[in-house]
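Quick mapping for you: the protein sequence lines, in order, are chains Z and G. Sequential numbering of the first sequence, starting at 1, is according to the working numbering. Sequential numbering of the second sequence, starting at 1001, is according to the working numbering.
Keep in mind that the hints were calculated from the coordinates and are not lab data. By construction, the Cβ of each residue, glycine as well, lies at the ideal position given by its N, Cα and C atoms. One or more of the hints may lead you astray.
[Said to hold, decoys possible] A few chain G residues facing chain Z, derived, Cβ under 8 angstroms:
#1 1126
#2 1129
#3 1163
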Amino acid sequence: MSPGLTDFMALDLMPLLAAALAALSCGIIGNYLVLKRMAMMGDAISHSVLPGLIVAFLLLGEATTFPMLAGAAVAGVACALLVGAVRRLARLDEGSSMGVVFTIMFALGVVLVSINVRNSHVDADCVLYGAIEHLSLVWEPPATVGGLFSLESIGGLPRQVQSLALTLAIVLVFVGLFYKELRISSFDPEHSSAQGVHAGVMHVALLLVVALSVVASFEAVGVILVVAMLACPAAMARMMTDRLGVQIALSAALALVMSTGGYFLATRWPAVSPDPGAVELESSGMIATLGGVGVLVAVLLSPRYGLAASALRKLRYRVRVLSEDQLAMLYRVEESAPDGDATLERRHLTLGVGEGGTERLLARAALRSNVRGGRLERRGDQGFALTESGREHARSLVRVHRLWEAYLVRELGLRPDHVHGTAMDLEHVREHGLSSELERESGDPGIDPHGKTIPR
Amino acid sequence: MPRIGHRTRPDSLASFPEHSPESPLSIHDMTVAYDRRPVLWDVDYEAPAGKLVAIVGPNGAGKSTLIKAALGLTPMLSGRIEFFGEPLKARRRDVGFVPQRESVDWSFPVSALDVVCMGLYSEIGWCRPVGRRARERARASLAQVGMQGYEDRQIARLSGGQQQRVFLARALVQDARLYFMDEPFAGVDAATERSIIEVLRDLRTRGRTVLVVHHDLQTVAEYFDHVVLLNRRIVASGPVAEVFTDENLRKTYGGRLTLLDRAAEELARAVEPGAGS
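So that you can see chain Z by itself, here it is in the shape it has in the complex (with noise of 0.2 angstroms):
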């Protein structure tokens, strides 16, 4: 093996393991707490899972694993009922009663470390922030890479990275197995039990499951930041896509960026940092810091709820508002002018647009688009006049705009000189069905409020 390989199995690979192994189940269970509103509950355990490790380790003198974790799951569950009992007994909402209960048992936590085992083995820096970098002094990689995948060096991986694998088992198992019970029961829990799918049960089965995840991981990422496990990827995912299936494959996949790519950057720090004295960076904070930039540039950027997609969008709608306008306005002319005939200029067309330098540019758009779109032609110089399918639009939408004036005042009785601009907006509604509707309902009169003739 190469010496960098080398380097790479005997430092980087059980912690870059964990860490993934760790995104991989928040990150998937996750993805029902995004979508019930309660990633709050996920921080809520993850605090409360203190008391539990220090409880476990009181009863027991020493720091053994599996008990160990046992007590944590016991207090992380806990936290969850708990947070239903205070929040019906003491009246309290979903979001108070998870902050009583989660802070106090975190405290509680707190004041037993410092009470009982200020000396042993429990170290608090490492349940807050957790500590993947130790994972590699309790590993003896194999000499060869194939040796890796022998059974016996399986077994012989740390015991965090065997929890994490095999809670990463439960939860793919449990999302599988349960995938069209989940839905249902986070949709529309009533609908879900009327079916025979108790909701309450699935509630609490999909908290067990949150719970071990939180536990398993916390030793990775520590209490405080394994909640930006549970939510950044699945809020990322669902910006992305609106199929739930799509939205957990895509936040596995995001999970292991997170984790992947927040794992390199802090370890490699002092090799990228333009300071020569720098030190490698918490990589548990890195993680995290991550995917709270992740979700940032979801939100910037998603196709349909990002902030790009949205100014997109409204000013496409502009364009295409003011390209209608502009035929709307040479089938006006055309219809008062004694020959039929009409053609106007740029500075005609783009006239009543607002003086905003952007408004003008639009305008200006709106108009290319017209003239590529085979709607307006170019007549001499500085002129525009309608070609056969512009006037064909333009008709459309004359129609649509008078029926609408008929439709308003006829029916909300509004006085004939307060309609058009009401008017003007609705002409560009399109959809399917609604101009026959309100022919029927405007009566089809033929002719506008103003008198006008309603085109056909």
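Chain Z is fixed; fit chain G onto it per the hints.
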């Protein structure tokens, strides 16, 4: 009066003389309370088979609570419910439910077809995937409410009326024999209202029973055969022509508290001071 505490319960409704075993829904002595405040008292009701039944009453009369308690979604203080002479557990597939549209989060990442398929979950059974045949049936059900072409649309991008029709299609695909619908007409457009009426009439033709929480008193006589007038207890129930009278409506909607109501308020106040606001 609600009796709070223990009471002996008969083993089966068959021991009651007024009970008919083939009734789609038999409610006997149902009392429901939130925080010990009675919401429904001593409700006895036998739904007629193959009829469209409106449940009407003022806000807070317990109309939705009646449905939810019958479906086991809200715990009862006392009472016994049977569907076609059996407990709900044995008849789940025969009982369909259309909840209020506002009761769910419409931004949930599912398509219209996904939601309709949920009506078949009980039939498909635990842990099995939704198969192609189930999806075909869901597609047909969507077409039945005039929603073909919207199968893959995410539900947030449907209008309110279309969302209501998706809920209706979800109930239809189940092919139940008894349906509960909680305000299906609330805030829908004309096309949806027509579609719902069509569906209701079709269900009646096929011998199904539908109980609908309804707000519009103007249309009760036009749309429904039977009516239940509810104000925390059943004021009257039966065929619209006999029961939907001015006097019964006054009794149902006349805001004045009866002696019974006042006594119950006092009782709740005595048991739990915080609740008596």
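Outcome of the hint check:
Given the 8 angstroms rule on beta carbons, the hint for residue 1126 of chain G holds: about 7 angstroms separates it from the nearest Cβ of chain Z. Given hint, residue 1129 of chain G at the interface with chain Z, holds; its Cβ is 7 angstroms from that chain's nearest Cβ, closer than 8 angstroms. With 8 angstroms as the threshold, the beta carbon of residue 1163 of chain G stays out of range of chain Z, its nearest partner Cβ sitting at about 12 angstroms, so the hint is violated.
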